[in-house]
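Trainee: Residue numbers (the numbering used here), protein chains in the order written: chain A, 1213 to 1508; chain B, 1213 to 1508.
It should be emphasised that the hints constitute simulated quantities derived from the structure, not laboratory data.
Hints may be right or wrong, so weigh each one.
The list treats identical chains as one, so a pair stands whether inside a single copy or across any two.
What the hints assert, rightly or not - Taking lysine to any residue and the SDA-like style, the derived pairs with C-alpha atoms no more than 25 Å apart in a straight line are: (1) Lys1221 / Asp1274; (2) Lys1379 / Glu1314; (3) Lys1379 / Leu1315; (4) Lys1220 / Ala1363; (5) Lys1379 / Thr1504; (6) Lys1439 / Pro1217; (7) Lys1221 / Pro1468; (8) Lys1220 / Thr1481; (9) Lys1220 / Arg1393.
2 protein chains.
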Amino acid sequence: MEPNPVLKKLGFSPQDRLVIIHTDDIGMCQASVDAYRDLLDFGLISSAATMVPCSWFPSAADLCRGNPRADMGVHLTLNCEWRSYRWRPVSTADPASGLLDELGYLPMTREAVHEHAQPEAVLAELRLQVRLAQQAGIDLTHVDTHMGTVAHPKFVASYIQVALENKLPAMILRLDEQGYRRLGMDASGAAMAVSVVQQLEAMGMPLLDHIIGLPLDQPLNRMALAKQVLSGLEPGVTHFIIHPSKDTTELRAITPDWQSRYGDYSVFTSEEMRRFIQQSGLQVIGYRQLKTLMPS
Amino acid sequence: MEPNPVLKKLGFSPQDRLVIIHTDDIGMCQASVDAYRDLLDFGLISSAATMVPCSWFPSAADLCRGNPRADMGVHLTLNCEWRSYRWRPVSTADPASGLLDELGYLPMTREAVHEHAQPEAVLAELRLQVRLAQQAGIDLTHVDTHMGTVAHPKFVASYIQVALENKLPAMILRLDEQGYRRLGMDASGAAMAVSVVQQLEAMGMPLLDHIIGLPLDQPLNRMALAKQVLSGLEPGVTHFIIHPSKDTTELRAITPDWQSRYGDYSVFTSEEMRRFIQQSGLQVIGYRQLKTLMPS
């Protein structure tokens, strides 16, 4: 593939390795908000995304309002994956929307959303999540997707539409057909994806070359894992995902993967990681730089 | 006033002092759920109420399902009083309902609900909160009210209706006109209240003689305060309110009154309070006993 035009537009060379160090799930719980406060202060992360349907979203918004260090997007959320702690859509309480499980919460699985959600209900939900984040005073930098649920033929157009309507970059990969096939798409899906992405790029929308995250099921040696993944980054723009959180009673009651989340917090508030990134040759950018490239 | 007919029906004398030791706000946050688990085990509380719109409600329901010690009602909720941590109604996302503030949450104040909420929207919301609690597997014993918001001429009929429809006792005081006047009602309101309560009592609905709680703005000497209030209880049926919670980072991030809440937890998981209650001459009952008196 041709090098990502973002590189040249931002003054980098085709061999440069740009990375967005991106913290997911901010506002999901109290521990994520406390972690975000520290991570913002420490300065290693370069972007984050918040979950508007979750009860701690207002606290995440509080940290962003008027804070020039905050590079915050909306982590568009159509699922609630936990059993003990649950949230609902923001746009509807109507079961006909297909957005609810039998108790009115967002469903636990991607599959449930793909099967039942009405596309127009999804569009309304995504739009309202963005609008509420703006209304809460966040100067949004992008949209991305919780659990990748919108990355589905029924909903991906709504995802792109919401990004364009709000002049926000979206977490979207630019790949060739083989690339999309390797992600599990069939031939026609891959061809369609290439055509959509070429159109978006022609419009000037900034896109990503790579998306990679630290797996949540490997709690041990998180520092070594982070260094290994960051060392292996290829030229182009990488969206690098971590899930940092403080270690609290609340977090442990929500998720068995709390140790990985606390590990991400520890690593990205450490001088060791600061030195590693400084010496890595990586160019750390935020979505705020990508947003400057959005077509008007 | 005549003695409360509940006393005789349950085999007590007119001079007996019955008390429901009732923990509010269960499921409001994680710390409240952890506290409830311990309180159930310890055995001093005799009833509790859960907040269905809050994200930790499913964990509260988990503790109740199949647990014969649980005496759980629905703490019917039309407000979200905190700034950092917020919840929405369960029945609607429609601003026309009057149930939402500008960000879609339940309003912070009683006054906002009294002014804006549509009575039919309130009825639908109360009904759905009860239905969801039943659907989550809780064998409900009663309904009561978060912040007393339904105790308003616009909504009190819906509150009573939801109780009767579900054959559940409700937290309702039986007073004479002077009694209601002392609560701040005007003459016509007090006369109306007497007439409603007489009707309900004639139907056989169990009612309360007193409602008293430990104030949340007195964090110090919680044990002495609890003993003082319990010692002062009068003959009849008292609904005695506490707000127990574990002391966690989450709770402290929600409310400045965390110390009072943790104090209630400490007092009602103490052998000192167990001995005090045993020697107090009080008759501790739950709403489950009152529920047996509900007209069919």
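Trainee: Which hint numbers does the structure go against, in order from smallest to largest?
Mentor: Of the numbered hints given earlier, those the structure breaks are 1, 4, 6, 7, 8 and 9, listed in rising order.
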